[in-house]
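*Asks:* Next come the chains, spelled out residue by residue.
4 protein chains.
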Amino acid sequence: METFKKKIPVGILGATGIVGQKFVQLLHDHPWFTVVSLAASARSQGKQYGECTKNSLFSDWIISPCTPSLPCRLVFSALEATAAKDLEAAFASQGYAVISNSRAHRMKEHVPLLIPEVNPGQLEWIPHQHVPGMLVTNPNCSVIGIAMALKPLIDNWGVAAAHAVTLQAISGAGRQCNAIVDNVIPHIPNEVEKIENEPRKIFEDATIKISAQCNRVPVTDGHTICLSVQLKKKATKPELIQAWNDFRGLPQFYNLPTAPKQPIHYWENPTHPQPKLHRNIENGMALSIGGLTPCPVLDWKFVIHSHNLIRGAAGCAVLNAELMVQKGLI
Amino acid sequence: METFKKKIPVGILGATGIVGQKFVQLLHDHPWFTVVSLAASARSQGKQYGECTKNSLFSDWIISPCTPSLPCRLVFSALEATAAKDLEAAFASQGYAVISNSRAHRMKEHVPLLIPEVNPGQLEWIPHQHVPGMLVTNPNCSVIGIAMALKPLIDNWGVAAAHAVTLQAISGAGRQCNAIVDNVIPHIPNEVEKIENEPRKIFEDATIKISAQCNRVPVTDGHTICLSVQLKKKATKPELIQAWNDFRGLPQFYNLPTAPKQPIHYWENPTHPQPKLHRNIENGMALSIGGLTPCPVLDWKFVIHSHNLIRGAAGCAVLNAELMVQKGLI
Amino acid sequence: METFKKKIPVGILGATGIVGQKFVQLLHDHPWFTVVSLAASARSQGKQYGECTKNSLFSDWIISPCTPSLPCRLVFSALEATAAKDLEAAFASQGYAVISNSRAHRMKEHVPLLIPEVNPGQLEWIPHQHVPGMLVTNPNCSVIGIAMALKPLIDNWGVAAAHAVTLQAISGAGRQCNAIVDNVIPHIPNEVEKIENEPRKIFEDATIKISAQCNRVPVTDGHTICLSVQLKKKATKPELIQAWNDFRGLPQFYNLPTAPKQPIHYWENPTHPQPKLHRNIENGMALSIGGLTPCPVLDWKFVIHSHNLIRGAAGCAVLNAELMVQKGLI
Amino acid sequence: METFKKKIPVGILGATGIVGQKFVQLLHDHPWFTVVSLAASARSQGKQYGECTKNSLFSDWIISPCTPSLPCRLVFSALEATAAKDLEAAFASQGYAVISNSRAHRMKEHVPLLIPEVNPGQLEWIPHQHVPGMLVTNPNCSVIGIAMALKPLIDNWGVAAAHAVTLQAISGAGRQCNAIVDNVIPHIPNEVEKIENEPRKIFEDATIKISAQCNRVPVTDGHTICLSVQLKKKATKPELIQAWNDFRGLPQFYNLPTAPKQPIHYWENPTHPQPKLHRNIENGMALSIGGLTPCPVLDWKFVIHSHNLIRGAAGCAVLNAELMVQKGLI
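Protein chains in written order, with the working numbering: chain A, 1 to 330; chain B, 1 to 330; chain C, 1 to 330; chain D, 1 to 330.
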């Protein structure tokens with residue numbers, strides 16, 4: 001990207017939340033983007049960013065309102081779903097490129113549900129949005145890991161069904177603090193529906209059957225997911241491991257700034273992957289897999305782990321934007 | 001049991017470990033049994049029980065060696081598998097009734113793998129052991145919960161397959177203390193094998209397919225297990241819930257001292273069951289179930305929870321002994 | 001209290017918060033009081049209590065506004081300080097007896113800062129409030145434990161100085177969920193000031209010197225406090241322990257419904273007191289003390305523990321109200 | 001140190017424990033030292049290091065017995081106190097330089113209790129040991145932090161008394177796993193005695209009064225300590241902060257490989273220092289201080305934090321060895 005003359009100015013919507021702060025952290029010294037606006041809800045507007053978040057980056061910046069009058073054409077959205085629905089649409093209709101982590105528009109027609117290594121072809125849907133700007137979303141934090149793990153399997157053998165049980169970190173939940181010491185909460189609102197439905201849009205395949213059960217566990221960052229899959233063709237353990245370790249996509253081909261060198265790492269140690277050891281592999285952008293064994297009910301079972309705020313949220317959105325710049329869409 | 005003239009003297013093998021201490025807690029004021037010996041490995045012999053365990057019960061008792069010369073005919077064993085193999089056999093060959101929580105003899109022919117509500121008929125195997133005493137085991141802590149949940153389903157509709165992902169408490173693990181703060185360890189040695197094999201012996205059915213993935217999570221007591229099952233006949237949600245809530249077995253029929261009134265409780269609140277709320281239901285002897293929903297891959301998915309040290313270990317063994325007394329076997 | 005014809009109707013202000021819910025739990029089957037109103041801020045008004053709190057008690061009750069038109073003369077307040085300031089004053093000026101856990105009016109002249117076992121004489125200040133109703137507060141959750149531990153020492157030997165380091169549970173904090181896994185936060189806003197100042201009002205002694213350092217630790221319920229004290233006269237270890245164990249006050253004399261039989265328990269085991277073992281002693285209303293040893297800098301050091309939501313908040317307020325009923329003030 | 005021709009061969013005694021593994025981590029690519037032997041107790045001898053520890057460094061090395069026949073002249077000891085007493089003496093009498101983290105010989109005459117920035121003069125005691133080798137110890141993990149914080153205060157104003165309450169991480173404890181979820185244990189065996197006595201030897205001042213209370217809290221790594229101090233001369237807050245931030249010792253003067261650039265960092269944010277944010281500052285070798293405020297009982301109170309396994313154990317020992325090499329003692 002040596003041809004860049006200057007960095008692209010960007011804004012962050014919902015900059016005070018946990019994902020918003022992760023955007024700040026990933027973008028504050030980004031080689032292609034420069035943050036020019038931090039916007040948030042009425043409660044924070046006019047206050048200093050450091051006062052609202054205790055974040056030491058941009059701490060004296062004044063928080064802007066979330067209205068489509070920010071001095072940039074590209075915004076990253078970490079808005080909550082209810083706020084995101086109208087606001088993101090308003091920004092797109094005013095000509096902004098909106099790269100969103102929100103679930104508000106994920107399942108809407110012509111809106112890419114994008115993981116750059118998995119389904120970059122969905123960027124071709126953008127012209128059909130028929131708005132002056134554009135809207136691109138990334139999937140739910142658990143779905144990103146599941147879809148990355150499934151992609152090489154789908155490409156090589158086909159996947160008929162997948163059964164997922166999640167052990168999700170508390171970052172992003174933000175409430176129920178007390179309930180989660182010495183406890184497991186076997187329910188995360190709306191999460192099962194996202195995991196069972198979003199992959200069908202990502203893979204543009206309505207026939208894949210997915211079952212999910214979701215648990216909140218006392219871990220700060222990093223989602224662990226136990227997956228069992230039914231393949232359409234027979235595979236061996238070495239073939240599966242090689243397919244994961246060798247997996248590369250466009251971000252690796254273009255060597256995008258935020259791209260992990262190796263998107264999926266398979267760990268041979270039977271006690272891996274673990275949040276404490278693997279959440280930050282490749283700056284939190286890589287997926288870890290381990291424990292591959294034959295499944296007596298489906299075909300294979302294994303464990304995946306990824307950083308829910310980086311690869312599973314803000315990091316994926318930034319990589320989406322980088323791919324769009326590379327493709328000349330921004 | 002009004003005919004009891006006096007309490008039956010019992011010994012506890014492996015009395016200093018976590019399960020051994022739970023035996024002490026459950027037996028110290030038991031209406032039928034009276035503890036007369038606390039035995040443990042060479043490291044503890046001759047020391048005071050309170051010195052080795054910080055337990056306030058029997059704290060000034062001197063720990064005996066684990067040799068078949070204890071002043072009783074009934075022993076509860078919380079020995080580790082390697083020690084249990086020879087020692088439990090030695091006690092049985094010297095005429096003792098050995099009620100064991102160890103995995104050493106669980107899969108041995110003619111040795112009952114007993115959950116009193118589920119498979120009391122296995123007590124009829126005892127005469128075939130051809131030893132002066134007898135040996136009765138209870139299943140692994142996770143398996144007890146799974147088998148109890150499956151029993152009413154098997155009886156009413158048949159179960160073709162079950163997929164289990166466990167979130168297990170740290171009591172009983174005892175090591176890896178550091179590793180389990182802010183972490184999940186997706187591996188528990190030998191646990192998958194137990195969960196996939198023991199139910200076949202319990203239900204005397206080699207055709208049932210079971211798949212397991214096991215995780216250690218930062219919870220003190222109480223195992224949470226996400227189960228998906230494939231039934232042989234169609235069932236509705238109300239029928240399943242009623243089958244669980246109505247389930248009763250011999251312990252309830254005989255009103256045994258340690259028996260829960262209702263062995264399985266289904267909780268309607270979608271965030272239940274939780275370790276903190278449900279581990280001690282019915283003194284830790286009942287199984288909790290929640291979250292029943294159709295499974296897109298198998299037929300139904302749900303969450304079970306039980307206290308791993310009580311219903312899943314010492315409590316089950318004590319209930320086994322009570323049933324044997326009731327049946328005149330001891 | 002056999003003379004009671006019927007129960008006294010009471011309202012709870014701020015009923016949806018953590019302390020408010022604890023009031024509900026303590027009052028729903030109270031022998032003297034009957035809850036008739038659950039009031040909360042505008043955000044919750046008109047909603048069902050169970051919907052806002054997931055509490056199963058009073059779950060279908062509609063939440064009232066916090067205005068002095070509740071069908072009772074006695075209200076318990078769990079309001080936050082900013083809301084409490086005007087609202088509690090409004091209720092008192094409309095004739096209500098306000099029993100408050102809020103810090104808003106604690107240091108105000110003529111307002112008792114009451115722990116029934118420690119300073120019941122402050123109830124005599126009420127007539128000087130010159131409002132149709134009355135306002136009585138209880139101290140901060142840490143201060144209640146400190147003041148109870150100091151009371152027998154002050155009475156017997158005098159206390160010149162006390163140095164307190166707190167290890168406080170997360171219940172009541174409600175935020176910073178993520179920050180408190182695998183972490184200690186050595187700062188709790190405004191807490192040092194309360195601990196250093198409130199005891200002077202409780203003991204009506206401006207000369208007592210108190211120093212505090214406050215930490216939030218990953219514990220759900222129960223505050224642990226390391227105290228060192230300088231006495232005015234010499235004491236021995238057995239004398240101190242006896243003074244604590246023998247300590248009784250008016251609640252014990254009148255045998256009030258919520259009163260612990262023994263307000264202070266000294267534990268000889270050097271690893272005690274611990275949140276997990278002692279938070280619920282005497283239904284959470286008793287203080288636990290342990291580890292008494294000579295202090296090389298001051299005179300004596302020891303550790304106290306109490307349940308921050310029960311003895312340290314709602315339970316103390318209920319006991320305050322019971323004493324006021326007993327005294328004929330309500 | 002450009003004059004080094006080749007690295008100095010070293011052995012690690014007690015290499016399989018938590019501190020032993022930290023030695024391995026700090027020494028495996030050290031610029032001056034090269035590990036040639038990993039020694040441990042009889043239980044591990046002859047096994048592979050990776051098998052005993054799951055450590056990926058030196059995983060195929062065979063563990064040696066702890067006998068003074070290792071192919072080196074310098075050994076780092078992470079032995080437990082009972083084993084260390086005789087073994088370290090045996091190594092020293094056979095001509096080895098023993099750099100020990102054990103408490104066995106800390107208080108012995110002529111044995112330096114060394115923190116390189118604090119009391120390097122104690123190295124002059126070595127000739128008085130009258131053994132062919134030599135023995136140098138570092139203080140207890142909590143004491144190292146306390147002594148570093150006190151050193152600039154002692155040098156500038158004098159310290160008459162210090163009161164310390166510790167909140168210690170679970171690494172190094174290794175047991176009581178279960179007891180420490182959702183709990184605080186207000187007792188660590190022998191710890192109070194070490195904290196109250198070791199500083200007198202470090203500062204060679206028997207008049208300094210120290211009082212300690214020790215707590216185990218649910219934190220993996222990093223000890224937090226609340227300190228209150230009485231100074232001999234008046235100091236202001238800016239003077240104290242400057243004294244800490246400006247503090248340097250011989251390791252900084254010689255720019256030793258493991259030396260932190262700035263041994264003490266004062267943090268202005270009132271919620272700092274925290275284990276999660278500061279345990280790894282300067283590779284775990286720096287002390288963090290925060291929260292300095294006047295103490296109503298003594299003179300000043302503040303909070304310190306340091307990594308208990310690095311600066312508080314293995315890292316301090318390695319720095320001790322580096323200083324000894326620099327001084328020509330090894």
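Simulated from the structure, these hints should not be mistaken for laboratory data.
Keep in mind that the hints are not guaranteed to be accurate.
Since the list gives no way to pick one copy over another, a pair counts as held whenever it fits inside one copy or between any two copies.
[To be verified] With a straight-line Cα cutoff of 20 angstroms, these simulated DMTMM-like cross-link-like pairs (lysine to aspartate or glutamate) come out:
no.: 1; residue 1: Lys54; residue 2: Glu268
no.: 2; residue 1: Lys47; residue 2: Asp60
no.: 3; residue 1: Lys234; residue 2: Asp60
no.: 4; residue 1: Lys7; residue 2: Glu80
no.: 5; residue 1: Lys261; residue 2: Asp246
no.: 6; residue 1: Lys54; residue 2: Glu282
no.: 7; residue 1: Lys327; residue 2: Asp246
no.: 8; residue 1: Lys209; residue 2: Glu193
no.: 9; residue 1: Lys234; residue 2: Glu204
no.: 10; residue 1: Lys237; residue 2: Glu193
Keep in mind that this is a model prediction, so the values were computed, not measured.
*Asks:* Does each hint fit the structure? Answer for all of them.
*Replies:* Cross-check of the supplied hints:
1. For the homomeric pair lysine 54 and glutamate 268, the shortest alpha-carbon distance between copies (13 angstroms) is at most 20 angstroms, but the shortest distance inside one copy (40 angstroms) is not.
2. In this assembly of identical chains, the alpha carbons of lysine 47 and aspartate 60 lie at most 20 angstroms apart only when taken from the same copy (9 angstroms versus 39 angstroms across copies).
3. When the C-alpha separation of lysine 234 and aspartate 60 is checked against a cutoff of 20 angstroms, the pair qualifies neither within a copy, at 58 angstroms, nor between copies, at 36 angstroms.
4. In this assembly of identical chains, lysine 7 and glutamate 80 lie within 20 angstroms of each other by CA distance neither inside one copy nor across copies; the values are 28 angstroms within and 46 angstroms between.
5. When the C-alpha separation of lysine 261 and aspartate 246 is checked against a cutoff of 20 angstroms, the pair qualifies only within one copy, where the shortest distance is 11 angstroms, while the shortest distance between copies is 42 angstroms.
6. For a Cα distance limit of 20 angstroms, the shortest separation of lysine 54 from glutamate 282 qualifies neither inside one copy, at 26 angstroms, nor across copies, at 22 angstroms.
7. Taking the shortest Cα distances, lysine 327 and aspartate 246 never come within 20 angstroms of each other, neither inside one copy (24 angstroms) nor across copies (52 angstroms).
8. Taking CA atoms no more than 20 angstroms apart as the test, lysine 209 paired with glutamate 193 passes inside one copy only; the shortest distance there is 12 angstroms, against 27 angstroms between copies.
9. For a Cα distance limit of 20 angstroms, the shortest separation of lysine 234 from glutamate 204 qualifies neither inside one copy, at 23 angstroms, nor across copies, at 31 angstroms.
10. For the homomeric pair lysine 237 and glutamate 193, the shortest alpha-carbon distance between copies (19 angstroms) is at most 20 angstroms, but the shortest distance inside one copy (30 angstroms) is not.
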